[in-house]
Amino acid sequence: MFRIRFHGRGGQGMKTAGQILGSAFFLEGFEVQDAPRYGAERRGAPIVANVRAAHAPIHERGAIARPDLVVVADESLIPVPAAGVLAGISARTVLLVISAEPGEVWKARLNLGGPVIAMNAQAEAGEGGGLAYAGAACAGAAARLTGAIARERLAQAVHDELGGRGEGAARNTLAQALAAFDAMKAHAGRVGEGAEIAATRYTAPEWIEVPFDAARVSAPDIRGGATSELAKTGVWRTLRPVIDYGRCNRCAWVCSTLCPDGAIRVDAEHAPRIDYDHCKGCMVCVAVCPPHAIAAVPEREAKGIEA
Amino acid sequence: MTRTLLTGNGAAAWGVRLAEADYVPAFPITPQTEIIETLAGWYERGEVAGRLVTLESEHSMVTAAGAAAATGVRVFTATSSQGLLYAMEMLYAVAGWRAPFVMVNVSRAVASPITLESDHTDILAARDSGFLQFHCATCQEVLDSVLIAYRVAEDARVRLPAIVNEDGFTLSFTREPVEVPDIGSVRAFLPAFDPQGMEFRASRPVSQAVAVLGGSQYSYFRYEAHLATLNALAVYDEAAAAFASRFGRRHPVVEAYRCEDADIVFFLIGAVATQARDAVDRLREAGRKVGVLRPRLLRPYPAAALRRALAGARAVVVLDQNLSMGQGGVLHTELAAALYGAERAPLLVSFIGGLGGRDVSAEEFYEMAAVARRAIDAGVAPEPRLLFTAGELREIRKLQAIAVEERKRTGGQA
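If you're matching them up, the sequences are chains A and B in order. Anchor point for the first sequence: position 162 equals 162 in the numbering used here, and the numbering is continuous, going up by one each time. Anchor point for the second sequence: position 9 equals 9 in the numbering used here, and the numbering is continuous, going up by one each time.
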């Protein structure tokens, strides 16, 4: 069975990547299971899509614990423990990172024994491609890495999954998927099918008796705002709202009131100040600002300006 | 018949489309919403006839479903978790109206703490409501069960509403290959709803919730509903046989996988059953005689079929994806009741696992079988156990350490 995990952020198309790859496998005659896994978060939150494909009915469920291939659409997720990007990676797991840095750098940085491949999707995907949407490129690259999917089946899968979203979007997506498929030519078939865990030789789970804790400890309460302050949800952002204070008319309420995360405060001079540690980049402020004083700047660009 | 990739929610919507439901009162809740969104899209584009109306709550939604069914039209609705709990008063009420319709519940663990992922505590809270309960292990079964559920619910020997249950995320958002039958075959299997004289109209009022005092009339009406629920066992067998001969897919009331000569049997409901099948295949390769037993119907409870299937087993690993506080797993309790007094009844080894969407690993299945083996050797079942590892507790302790710091910072006592 092929077991493939896509890691990205909400809005980058990881669910779509899983569906395109799933459909492509299905068209090739595989049994398929594709399953995104996410929480209540919005755009920018870590998201995983699991794809399983085999020539027999698939009974395994849940998160893929031992992946054959891990595709990372957003390299900034790798150091986020909660994203679980490196979970279950072994020496036979192929890691594909969408990154401008080469695979060897990532291999050394992460101290991994297995193969690490980097794909510069911005360059490969051409016009309109970019980090904000990486789903098609991830699916196309994964398809080639398995060596089990023909180029025309991938194209058919993109058409099947995105045909309903307008011709322009489908064409653009198809170009990205095929470019990534072609870019992985040297690595075609690099990903193999993992074995099942035998019932004769396995590591027994370290079950324990859950101890009684008094309700003061064991009630699921959260204290004030301190929790959300500690979680730097700003790292979820793919787009950054940037205020042009020359255009801001100091209304002192619209963006700050409508920010769903309370990440905009108004200072003594009635100017809004964005807390970038906690702004998740939903762009609600950009949409609601009456004088259009807030711009959506890709995070990578914004970081460049900072540096 | 088309074989395509569908999520559990997509499969549910297709079941409703093929059953040609006339009316769908709806209220959104994760992870169910995709069902009503899919149906709404079809109705809006005129692809299928039918009417979807959004209500202001699940309580009103179930009321509308029961009232509409009492007018003699085919009704569908769907909910999940907190929504099911909010509708609970009306679940009991409309079941007593004896107006049949089908509701899909997408199982999601209940608050508190709140979560989105699956376990069966929500659906088991509706256990005694008077709704029939169908439990699905695959997306295919979701589609098929919706069709079978209409046929059973509308049968004159039953005439009760039914819930088809699918696991949130594990099925609801997971695509699997699903065969979508053609409408002609479905119409032959599931003819148009015969309302058997139910004709509630504005111009011809009917009191559905008749008041009775003194107890004897109440006892009669409630017991009639109980007898009708029991009838659903035989009606289900007929419907499943008709379904198998028409569509080639067999859905017996109790799925027994490699149980014939099994010493140890996994007993569970829902999507985790396919994982159990995998584990059984691996354990068989290792020479262990194990099987999986899964009731598709939980109400009515197929006690006789379960007793038959377990006649040769020496131990049953009961995996409850639910928790009745102060008692333990509901499946465990019910199976114990079904086996009480049976000769050479197997030991019941109780595990609580998969709460709130926690994955159950292959190794855990192997280990549960090993625990059952030791129980057989010792002749006594161990205490019930929660599937929870030392590593998981360590993570909890880390969070608690942060919580203590927060308390200090927010002026509370550490």
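Hints in this document: simulated from the structure, not taken from any laboratory. Watch out, some of these pointers could steer you wrong.
Unchecked claim - Below 30 Å or equal to it, Euclidean Cα-Cα: the simulated DSBU-like pairs (lysine-lysine) are:
1) 232/A to 289/B
2) 107/A to 303/A
3) 232/A to 185/A
4) 398/B to 408/B
5) 185/A to 398/B
6) 185/A to 107/A
Note that this is a predicted model, so its numbers are computed, not measured.
Here is what the structure says about each hint:
no.	hint	in the structure
1	232/A to 289/B	violated (51 Å)
2	107/A to 303/A	holds (24 Å)
3	232/A to 185/A	violated (39 Å)
4	398/B to 408/B	holds (16 Å)
5	185/A to 398/B	violated (45 Å)
6	185/A to 107/A	holds (20 Å)
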